[in-house]
Amino acid sequence: MSNYVIEMLGIRKEFPGIVANDNINLQVEEGEIHAILGENGAGKSTLMSILFGLYQADKGVIKVRGKEVSIHSPNDANDLGIGMVHQHFQLVHNFTVAENIILGKEGSFVYDIKKASKKIKEISERYGLAIEPDMVIEDITVGMQQRVEILKMLYRDADILIFDEPTAVLTPQEIDELMNIMRNLAAEGKSIIIITHKLEEIKAVAKRCTVIRRGKFIDIVDVATTSAAEMAALMVGRPVNFKVEKQESVPGEPILSVKNLNVMNAKKVLGVSDFSLDVRAGEIVGIAGVDGNGQSELVEAICGLKPIESGSVYLNGKDITNISIKERNDLGLAHIPEDRQKRGLILNAPLTTNMVIKEFDKAPFSSKGILNYSEIEEYSKKIIERFDVRSGEGINSRAGKLSGGNQQKAIVGREITSQPELLIAVNPTRGLDVGAIEYIHKELVAERDKGKAVLLISFELDEIFNLSDRIAVINAGKLIDIVNTKETDAHSVGLMMAGIKKEA
Amino acid sequence: MKKTIALALMLLCAFAVFAEGAKETTATTAAALKIGMVTDAGTIDDRSFNQGTYEGVKKAADELGLECTYLRPNGTTTAEYVTAISDLYDAGYRFIACPGYLFAEAVTEAQKMFPDLMLVILDSEPTEAGANTVSIYFKEEQSGFAAGLATALQLKDASVGFVGGIEIPSVQKFSWGFQQGVKYANENYGTKIAMEAQNFVYSGSFADLALGQQLANTMYASGVDAIFAAAGGTGVGVINEAKNRRLAGEDVWAIGVDVDQYLVGDMGNGQSCILTSAMKNVGEGAYAQAISAANGTFAGGSIITLGAAEGAVGIPADNPNLDDDVEAKVLAVLADIAAGKLVVADTADGLHK
Amino acid sequence: MAKNTVKIKKPLMEIPFIKSMIVSLTTVLLGLIVGGILIIAIGKNPIEGFQKIVFGAVSNTRRVGNTIAYATQLILVGLSVAFAFKTGLFNIGGAGQMLMGGLMASIWAHNVTFLPQPIYYLSLILVAGISGAIWGLVPGLLKAKFNVHEVVGTIMFNWIAYWIVYDAVKVFIVDPTIIVKSKPIPMQQSLRTEWLASITQHSYFNIGFFIAIIAVVVIWFILEKTTLGFNLKAVGSNRYCAEYAGIKVNRSIVISMGIAGCLAGLAGLTYFLGFSNIMEIGKSPSEGFDGIAVALLGNSNPLGVFISALFFGMLKMGKGSLTAIGIPTEIADTIIAIIIYFTATSVIIQGFWEKIIKKHSEKKLLKQAKEEK
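Residue numbers (our numbering), protein chains in the order written: chain X, 1 to 504; chain L, 1 to 353; chain U, 1 to 373.
Same shape as in the complex, but just chain X (with noise of 0.2 angstroms):
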């Protein structure tokens, strides 16, 4: 009667405290790239757990090529042709490609791995997917480890694939040969299923797309017919600004001066040299410049997470090169980190520890060393409240139990209660959704308008230009250039992060 390949229908599942998945429909055709386009949390993950087998559905049917089916262990999703690319990949480090592929697939006690070479290289080279089978894991770069993860499913003959965020860990040229890959696969006949909330992705490959909110079915669309800006409405739920609204800033006196910096990296050379910057009240400076140039450095010895070789560093005009992390704290440093749920969140404490992780020992959070909890609790309320922070338990969950977007959104939330006098802010939209990203710009740019200092550094340049009054480059840990947003554009920045200064 049809000709989907795989469909769910009145999908159900239900976590302690929250529905993950309310009675939601999934068509797919043979051949097809479909997407499914939802924010952090939406139930995306979940539903593609569900056909993979890793959960059981609460009520609902799934159908693959028309047949009524169950799926209760990721086995039987791989009998019924079904494969999945997880977001973090399951392969073993010191094993070689055709290993990997191999293994749990051995066949009889001794396996022809000469065999299985040949076939792995027929794949790789039918799909356009570059891997020779004899590489070793742990020498290959992750878009590579991506290929040996799709050949895998490949060589076990799925022609269904799932795809988990598959974007999420790669460079931008990466992104574009998987883009690649995804059309050749589906040219060959292959059904793919993306989970995104990557428009243009989407808007590159996919044919349609299923959109799911809060764990319900929205709609499905027809991405050639349908805008970015209507997707993301859908998404959602309301109309979507994907340019940043904002006055002209009216910086005022340095809050942050660096002089003369240099930092020792993890590899005992000056990651960070001789770097000199201002951040004024009332702007944000934004860094640019490729990963690994110098960054992180940088703001850890701002922090004081790192020591610093020389230079010194003043907040306010108080040298506070030498004082403790908590001092400057204090003194008005608040600092989005580059990797949240290292150093962001304590994962296994609830949401209430976490807001006050900083604050616990101040008034009026506790008095001569006992804490008050009716404080913390209503003060956290205050921030998950007012940041939208969603989560299963509010203020009782565990940091860990929320969506990567939701832990952002936390942390944002607790660093500019605190009402700091300078925000560092790394990455902080990394992994988001429109709908939070746009959200946690908009606070930046409150932040600076409250007349408050915003040191922002990001990977994505349209980040960087988007939010930034004056955009510092920095490379091989040298600042190559203080400019002016409005008067300069990306293609001058771009050559500068490769270090290279135009003329004055």
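Do not take every clue at face value.
Derived lysine to aspartate or glutamate pairs resembling EDC-like cross-links, with alpha carbons at most 16 angstroms apart [as the list claims (entries may be wrong)]:
hint: 1; chain 1: U; residue 1: Lys359; chain 2: X; residue 2: Glu375
hint: 2; chain 1: X; residue 1: Lys306; chain 2: U; residue 2: Glu224
hint: 3; chain 1: X; residue 1: Lys442; chain 2: X; residue 2: Glu375
hint: 4; chain 1: X; residue 1: Lys243; chain 2: X; residue 2: Glu438
hint: 5; chain 1: X; residue 1: Lys118; chain 2: X; residue 2: Glu138
hint: 6; chain 1: U; residue 1: Lys183; chain 2: L; residue 2: Asp45
hint: 7; chain 1: U; residue 1: Lys170; chain 2: L; residue 2: Asp324
hint: 8; chain 1: X; residue 1: Lys318; chain 2: X; residue 2: Asp278
hint: 9; chain 1: X; residue 1: Lys368; chain 2: U; residue 2: Glu224
hint: 10; chain 1: X; residue 1: Lys318; chain 2: X; residue 2: Asp388
hint: 11; chain 1: U; residue 1: Lys225; chain 2: X; residue 2: Glu375
hint: 12; chain 1: U; residue 1: Lys248; chain 2: X; residue 2: Glu327
hint: 13; chain 1: U; residue 1: Lys248; chain 2: X; residue 2: Glu359
hint: 14; chain 1: U; residue 1: Lys248; chain 2: X; residue 2: Asp330
hint: 15; chain 1: X; residue 1: Lys67; chain 2: X; residue 2: Glu29
hint: 16; chain 1: X; residue 1: Lys119; chain 2: X; residue 2: Asp139
hint: 17; chain 1: U; residue 1: Lys359; chain 2: X; residue 2: Glu14
hint: 18; chain 1: X; residue 1: Lys121; chain 2: X; residue 2: Glu99
hint: 19; chain 1: X; residue 1: Lys326; chain 2: U; residue 2: Glu243
hint: 20; chain 1: U; residue 1: Lys225; chain 2: X; residue 2: Glu438
hint: 21; chain 1: X; residue 1: Lys198; chain 2: X; residue 2: Asp388
hint: 22; chain 1: X; residue 1: Lys268; chain 2: X; residue 2: Asp278
hint: 23; chain 1: X; residue 1: Lys342; chain 2: U; residue 2: Glu243
The following label-pair restraints were derived from C-beta to C-beta distances [stated by the list, open to error]:
hint: 24; chain 1: X; residue 1: Arg126; chain 2: U; residue 2: Trp353; range: 31 to 41 angstroms
hint: 25; chain 1: U; residue 1: Ile47; chain 2: L; residue 2: Pro320; range: 25 to 35 angstroms
hint: 26; chain 1: U; residue 1: Trp353; chain 2: X; residue 2: Asp219; range: 53 to 63 angstroms
Rather than coming from a laboratory, the hints here were simulated on the basis of the structure. Remember, it's a predicted structure, so these values are computed and weren't measured experimentally. Virtual Cβ for every residue (Gly too), placed ideally from N, Cα, C.
Given chain X, put chains L and U in place with the hints provided.
Frame of chain X, contents of chains L and U only:
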């Protein structure tokens, strides 16, 4: 919180009711004597003190058809020993053997707590005399003497050493007797056995196998040919080292202690690295007391010292690694000791540790 | 409908303390079941065996007193390990800290005979607590300054304590008749009292138990109600985040190990001046390691530690009575070992209960739905 307390109380009540059921079964009327033993720091199969004692009481129980068991306490404090003794007492045991000096306090307390309990303590005595405890000491110096003599006569020209456990009188006396035995051989039979002060050591433990092995390794490497190991489990380490070296072709020996340790030194080829053992027949001592307890002739309050005259110390009857004439000479000297013709000192006068 | 779902699901497994209690009770039950199977395997009646254990632990006031006396040091060492666990550290140095606490308190007890009783007790607590604290603090410092793992550091300190006791007992408090142990401490200088002995038929029940109870309350308070506890738990859960938040991580490690050591030092006090009244050389108290099991079963919660220590105390005290019916006491040790094993796999047990409860609530919902129809 309230709920927890309530829950705890409920549990306690449940326990009490539960325990009630067990009570009737334990109200024992001691029709026949039950014979028990509490182990000291070691295990029941230590091939030494505990095992020797248990074999003694078991033999008595088997002969008389009585019930017999042992109990291993949780630890080595007086409290734990007393607990073990009272556990046996409550289970109807009225004769309990306690091997070792560690029991002194516990036996003192237990004899007060249970006046109808017959207690035997080996190598020590209660701190206050009690009418229901028999204390048994051994003349370890005589046993050590015999082993030292045998070693000297067999090896003729060699260097010997000693590894003790903790420096307590019973172990010290073994060492002193051993040295006198060697000296006796050097003076009367013309042997040339060297005894150097640094080769007489106490490991500080009765249970450190690795330490024993390490100490032995050092000694053998420095030219010692035979080591007298009076150190329980630590001594087994010494014996293991001797075994390894013999298997590697070296001509080294170990001398066992307390019981015949020939089999401890078994090398798997029918041979043993145990030259002989300085025996102290704890089993016989415990056996005799168990028999008299069953016969109603238990002499509580007495202190007994057993030596060569009682046949309670000496070397094993069978010593495959000793020449026949060596064995004969040792037995002759032991007879002299038993008869009082030869006196072995139980002090350190002029000797190593 | 929706309201009901929440109602049914919430109470049991969502309250952390109840949750861990259910998991702990399950592990105990499993331990008893496996122990019971072993008893059957040697041809005895398991119910009778368990009755004997309970009998041995509580059948008269002396036995109850001794059960509590066993539990006393287990509570304190268990708290020590649990406190360190909560702050992300593994204190395996309970034995050494007990030895040092016990040694210093013993020397004190033999020499300071002029203080009035309440002040004397307080001085004992201080001496033992500080000695133990130092024995935890130094490994903490080694970790903070030189990144020596606390497991390595504390094990090393166990041996240092062992040999210090070995020599110090001989030098300061030796029993002249037997040089391998200290002179017994007279009752008025120890934690034992005439009164406690008289109400429990001369058991070893001593005022150490009250010290342990106070310690449970104090530790609970520190962990749950104070900024210090917040601080230490933050470091324990994620030291990178704590560092970022301005908490002095190294200082926290040292403080945490100090407090853990102090608790174990107090355990040494109750052990060597209450449960026992002598120190032997060449012995290391096994309680130092039993504390790990107590903390695991108690889910590192102070109240949980208290209950699980009493339970272990019962097993320790009660198992000797198994001999009465010819069951080897090793069965009781096996039960303890199995419980520890199951505790280590508590995630699985938790999952099992969550499944059961979910099924149950679904059934209820289904029933309700039918009735509504």
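Evaluation of the provided hints:
1. U:Lys359 <-> X:Glu375: violated (38 angstroms)
2. X:Lys306 <-> U:Glu224: violated (31 angstroms)
3. X:Lys442 <-> X:Glu375: Given that 16 angstroms is the threshold and the Cα spacing comes to 28 angstroms, the pair is violated.
4. X:Lys243 <-> X:Glu438: holds (8 angstroms)
5. X:Lys118 <-> X:Glu138: Since the Cα atoms of Lys118 (chain X) and Glu138 (chain X) sit roughly 22 angstroms apart, the hinted pair is violated (cutoff 16 angstroms).
6. U:Lys183 <-> L:Asp45: Violated - the C-alpha atoms of Asp45 (chain L) and Lys183 (chain U) are around 31 angstroms apart, more than 16 angstroms.
7. U:Lys170 <-> L:Asp324: violated (45 angstroms)
8. X:Lys318 <-> X:Asp278: Holds, at roughly 13 angstroms.
9. X:Lys368 <-> U:Glu224: Holds, because 15 angstroms separates the two Cα atoms, which is no more than 16 angstroms.
10. X:Lys318 <-> X:Asp388: violated (35 angstroms)
11. U:Lys225 <-> X:Glu375: Holds - the C-alpha atoms of Glu375 (chain X) and Lys225 (chain U) are around 13 angstroms apart, at most 16 angstroms.
12. U:Lys248 <-> X:Glu327: Roughly 11 angstroms separates the two Cα atoms, so the pair holds.
13. U:Lys248 <-> X:Glu359: holds (14 angstroms)
14. U:Lys248 <-> X:Asp330: Satisfied, since the Cα-Cα distance of roughly 14 angstroms is no more than 16 angstroms.
15. X:Lys67 <-> X:Glu29: holds (14 angstroms)
16. X:Lys119 <-> X:Asp139: violated (22 angstroms)
17. U:Lys359 <-> X:Glu14: holds (13 angstroms)
18. X:Lys121 <-> X:Glu99: With a Cα-Cα distance of about 13 angstroms, the restraint between Lys121 (chain X) and Glu99 (chain X) holds, given a limit of 16 angstroms.
19. X:Lys326 <-> U:Glu243: holds (9 angstroms)
20. U:Lys225 <-> X:Glu438: With a Cα-Cα distance of about 39 angstroms, the restraint between Lys225 (chain U) and Glu438 (chain X) is violated, given a limit of 16 angstroms.
21. X:Lys198 <-> X:Asp388: The hint is violated at about 21 angstroms.
22. X:Lys268 <-> X:Asp278: violated (26 angstroms)
23. X:Lys342 <-> U:Glu243: holds (11 angstroms)
24. X:Arg126 <-> U:Trp353: 31 to 41 angstroms: violated (50 angstroms)
25. U:Ile47 <-> L:Pro320: 25 to 35 angstroms: With a Cβ separation near 52 angstroms, Ile47 (chain U) and Pro320 (chain L) fall outside 25 to 35 angstroms, so the hint is violated.
26. U:Trp353 <-> X:Asp219: 53 to 63 angstroms: 40 angstroms Cβ-Cβ, so the 53 to 63 angstroms window is violated.
The structure does not agree with the numbered hints 1, 2, 3, 5, 6, 7, 10, 16, 20, 21, 22, 24, 25 and 26 stated previously, though it agrees with the rest.
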